[in-house]
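Peer 1: Once you have looked at the hints, place chain B on chain A.
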Amino acid sequence: MPVSYPVTAYSVLNALGNTTRDVVASLRAGKTGLGPCPLELPFEAPTGAVRGPLPPLAGGLAAHDSRTARLAIAGLDEILPAVRRAVARHGAARVGLVVGTTTAGLARTEAAYRERGRAGTLPADYDLHRQHSFGGMLEAIRRAAGVEGPCTVVSTACSASAKAACNAIRLLGAGVVDAVIVGGVDGLCQTTLRGFHSLEILSPEACRPFSSARRGISIGEGAAYLLIERDGDAAVVLRGGGESSDAYHMTAPHPEGAGALAAMRAALDQAGCRPDEVDYINAHSPGTKLNDLSEGRAVVTLFGGAVPIASTKGYTGHLLGAGGATEAVFSVVAIEEGWIPASVGSDPVDAELGLDVPIARRDRPCRNVLSNSFAFGGSNVSLLFGAAGGGAAAGGKASA
Amino acid sequence: MSVPAAAVIGMGLWMPGFPTLADWRAGRRVPGADAPPSRQTGRLRRRQSLLIGMVAEVAAQASAEAGVSLGRVPIVVGSAFGELETTIEMLNEIDGDGLPSPIRFQHSVHNSAVGTLSIAQRNQAPSSSLAAGNDTVAMVLLEAMTQLAAGGGEVLAVVADEPLPEALVPRSEAAAVSAALVLAPVGAAPAAASRLAILEDLRQVEAASPADGRSVEVDSPIAAILPLLDAIAARRAGRIELGAGGTSRWSVALRQEAA
Numbered sequence: 001m002p003v004s005y006p007v008t009a010y011s012v013l014n015a016l017g018n019t020t021r022d023v024v025a026s027l028r029a030g031k032t033g034l035g036p037c038p039l040e041l042p043f044e045a046p047t048g049a050v051r052g053p054l055p056p057l058a059g060g061l062a063a064h065d066s067r068t069a070r071l072a073i074a075g076l077d078e079i080l081p082a083v084r085r086a087v088a089r090h091g092a093a094r095v096g097l098v099v100g101t102t103t104a105g106l107a108r109t110e111a112a113y114r115e116r117g118r119a120g121t122l123p124a125d126y127d128l129h130r131q132h133s134f135g136g137m138l139e140a141i142r143r144a145a146g147v148e149g150p151c152t153v154v155s156t157a158c159s160a161s162a163k164a165a166c167n168a169i170r171l172l173g174a175g176v177v178d179a180v181i182v183g184g185v186d187g188l189c190q191t192t193l194r195g196f197h198s199l200e201i202l203s204p205e206a207c208r209p210f211s212s213a214r215r216g217i218s219i220g221e222g223a224a225y226l227l228i229e230r231d232g233d234a235a236v237v238l239r240g241g242g243e244s245s246d247a248y249h250m251t252a253p254h255p256e257g258a259g260a261l262a263a264m265r266a267a268l269d270q271a272g273c274r275p276d277e278v279d280y281i282n283a284h285s286p287g288t289k290l291n292d293l294s295e296g297r298a299v300v301t302l303f304g305g306a307v308p309i310a311s312t313k314g315y316t317g318h319l320l321g322a323g324g325a326t327e328a329v330f331s332v333v334a335i336e337e338g339w340i341p342a343s344v345g346s347d348p349v350d351a352e353l354g355l356d357v358p359i360a361r362r363d364r365p366c367r368n369v370l371s372n373s374f375a376f377g378g379s380n381v382s383l384l385f386g387a388a389g390g391g392a393a394a395g396g397k398a399s400a
Numbered sequence: 001m002s003v004p005a006a007a008v009i010g011m012g013l014w015m016p017g018f019p020t021l022a023d024w025r026a027g028r029r030v031p032g033a034d035a036p037p038s039r040q041t042g043r044l045r046r047r048q049s050l051l052i053g054m055v056a057e058v059a060a061q062a063s064a065e066a067g068v069s070l071g072r073v074p075i076v077v078g079s080a081f082g083e084l085e086t087t088i089e090m091l092n093e094i095d096g097d098g099l100p101s102p103i104r105f106q107h108s109v110h111n112s113a114v115g116t117l118s119i120a121q122r123n124q125a126p127s128s129s130l131a132a133g134n135d136t137v138a139m140v141l142l143e144a145m146t147q148l149a150a151g152g153g154e155v156l157a158v159v160a161d162e163p164l165p166e167a168l169v170p171r172s173e174a175a176a177v178s179a180a181l182v183l184a185p186v187g188a189a190p191a192a193a194s195r196l197a198i199l200e201d202l203r204q205v206e207a208a209s210p211a212d213g214r215s216v217e218v219d220s221p222i223a224a225i226l227p228l229l230d231a232i233a234a235r236r237a238g239r240i241e242l243g244a245g246g247t248s249r250w251s252v253a254l255r256q257e258a259a
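First to last, the protein sequences are chains A and B.
Per our numbering, the first sequence starts with residue 1, numbered consecutively.
Per our numbering, the second sequence starts with residue 1, numbered consecutively.
Just so you know, these hints were derived from the structure itself, not from any lab.
Note that the Cβ used here is the ideal one computed from N, Cα and C, for glycine as well.
The following residues of chain A were derived to be distant from chain B, with all beta-carbon distances above 10 Å:
hint: 1; residue: Ser4
hint: 2; residue: Arg28
hint: 3; residue: Cys273
hint: 4; residue: Asp276
hint: 5; residue: Val349
hint: 6; residue: Ala388
If you want a taste of the chain A side facing chain B, the calculated C-beta under 8 Å gives, among others:
hint: 7; residue: Glu110
hint: 8; residue: Arg116
hint: 9; residue: Leu128
hint: 10; residue: Pro150
hint: 11; residue: Lys163
hint: 12; residue: Gly378
hint: 13; residue: Ser379
Pairwise CB distance ranges, derived in the manner of DEER restraints:
hint: 14; chain 1: B; residue 1: Pro102; chain 2: A; residue 2: Pro255; range: 18 to 24 Å
hint: 15; chain 1: A; residue 1: Pro36; chain 2: B; residue 2: Asn92; range: 26 to 32 Å
hint: 16; chain 1: B; residue 1: Ser172; chain 2: A; residue 2: Arg274; range: 50 to 56 Å
hint: 17; chain 1: A; residue 1: Leu41; chain 2: B; residue 2: Ser172; range: 29 to 35 Å
hint: 18; chain 1: A; residue 1: Lys31; chain 2: B; residue 2: Arg171; range: 50 to 56 Å
hint: 19; chain 1: A; residue 1: Asp269; chain 2: B; residue 2: Pro31; range: 50 to 56 Å
hint: 20; chain 1: B; residue 1: Arg171; chain 2: A; residue 2: Pro55; range: 32 to 38 Å
hint: 21; chain 1: A; residue 1: Pro55; chain 2: B; residue 2: Gly17; range: 43 to 49 Å
hint: 22; chain 1: B; residue 1: Ser194; chain 2: A; residue 2: Pro2; range: 35 to 41 Å
hint: 23; chain 1: B; residue 1: Gly246; chain 2: A; residue 2: Asp269; range: 41 to 47 Å
hint: 24; chain 1: B; residue 1: Gly153; chain 2: A; residue 2: Pro55; range: 44 to 50 Å
hint: 25; chain 1: A; residue 1: Glu40; chain 2: B; residue 2: Gly187; range: 58 to 64 Å
hint: 26; chain 1: B; residue 1: Ala64; chain 2: A; residue 2: Arg361; range: 51 to 57 Å
Same shape as in the complex, but just chain A (with noise of 0.2 Å):
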C-alpha cells in the first residue's frame, strides 16, 4: 500500500527568522538570511546565523545547556500544542522522535575545552554526556516534548532529518507508533566552519547554488520540526522516503548522480507517483559545483529538465543536520500555498545543468514535491511530499 502520512504540523527557525511566519514570509519574499559570520574566524565566511538572544534552557533542562540544544529548544516551541494533542489522542508512549544532528552540543566541547587549555580543567558545569552527546541533546528535546515512545538521533552528516523522516515512516509502518516528531537540529560551531574552509569549499561570499558564478557553501544554523500521523487532518502528506549509498568518495558525490538518482526513485516508488506528477524539486544543492553536476545530471536523467528546481541554502545556509527537515518544511509549504521559491544566488544559472532554476518565485499550485538531502559518506535521501487528497492544496494552512 502506498505510503500516506499527514503533515499535521510544522515549526522552523533559522537565519531567515524566529518564527515559522517569518520564516515563510522570508522565503516568499526571496530574502536572504545569509550576513556577517557571528564567530571569530581566521577567514570571511558569510553564514546563517539564527537573530537575537537564545533563551538558556531553564528548570530540568539546564544540565543540557548549549547553543544546538537552545536552537532545537526554541525551535520545537510552536509545535508543543499540536505535540500535546497528539500525545492526547495516541498517549505519550505512542508518540516517537527523531531527530536530525551533526554536532549536537559540540560548540559547548570547543568552549569547555579552550577553557581546559587556558584553566588546565574543565569547567565545572562542563557535562559531556548532557552537553555534548547526541543522547543528551536528544534526552532535552523529549523531556521538552512530553513524548514517551521511541527516540533516537539520525546523524548522517547532511541527510540526517530527512533520513530521520524515512526512519518515521517505518516506525508507523511497522505500528510502532502513532505518530513520530521529526526534527533537525544544528548550531554554529568553530569546527564545522573551519572544517569547511580547510576542505576549501567554503564560499567567502553567500553561496550561490547552481550559479554559474558559484564559489562554494554557506553555512546555517537553525532548527525544523514535522508531526507526522497515521492519520489526521492535514493539507500536505509524506507520501515516500528513498535512501541510498553513493559508496563512492567520503564527500564527492557520485559525478552521474547514481546515488541520488536512486534516492529519488526509491521515494517516487514507495509513493507510487510518475516523475512527471512532480511540479517542483527541492535541490540539496549547496553550491559546489561537483553536488551541482551530480545532482544536475540525476533529475535530468529522472525528470528530463522540465522540473522546477531550486535550492534554498542561498536562504539559510546549509544547516547540515537541519537541512532536511527545514527543507520538508519548504516542500510542505510549497504544496499548501501553492507557490515555488526563487532559487536565491542563482542567477546566472550555469547553462551547463539543463535545469529549470526559478530566479524569481513561481506562483502555480504544486500536487507533489521532492526533496533531496545529499552528505558526507555518500548517504542521499529524497523525501516526496503530497497533496492530500492528490490534488493541489486549496489556499493554506497554519502550522500548528
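Peer 2: Quick look at chain B alone, frame taken from chain A:
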C-alpha cells in the same frame, strides 16, 4: 508496541584484548589484540579512527557467519558518542587560528564508519548512523527490525563506541566495545545461514516519565549488547534488558527454536 520479530543469523564482537565473541565468552585475553585488524597497518591507522576500524571488523565477522555480502546488505550503525578520538584531534588543531586537517574533518561525522565501510565494500544499499544515549542498542535493533519489516532481505546492525577521552571525561573507566548482528525476517532467513536465535517483542518495560528527574548516564551504553550476544551464543531464551540496572527501559525477548 508491535515490532516484528527477526532471526539472528550472524554475530561479531571486538573489544581490546578480545578480538572475537568466542575469546570474550571464554575470558581468553589475546596478547597483541589491542587494535582491530584493519587498523594495524600503518597507512590505514593514520586515516582510520578506532571507531571506523571496530565497525569494519565486527561487520566482517557477523556478515561472514551469516553468509551475507557486505557489498549489498543495508547497514545500521549505532554509536552513543561517535568519533570522539577524531573530535579531540580537531579540537587541538583549531586552537588559535588553526584549521583541522581536511581528512580528519571529513572523517569526523557520525556516519564516517558506515560511510567508509560502504565505500570500501562498494555497497550502495541504504545505510544509517544512530545515537540514542543509553537506548542506543535498543534503537539500532528497532531501526534494523523495522527495516526488515518494510523491505525484507537482511540488515547488518552494528554498535560501537570508543572509550571516553580523558580530556573530556576524567576518570572514566569505560573501554572500547563493538559488536554486530545480522538480522533476517523470521520466515525468510537465507538457506545457507543457520538461525542462531529469534529476537521478538522489543519494547519498553515501562514508559519513561518526561517530567521526572535526570536519567543515569552510562559511559559505555553499547556494552548493553553483551548480555544479548552471550545469551544467543549460549542458546538461552528469555527476556534480555538492553541496559544494565534499568539504565535503558528497553528489553527484547530471545527465543530458541527446536533443532
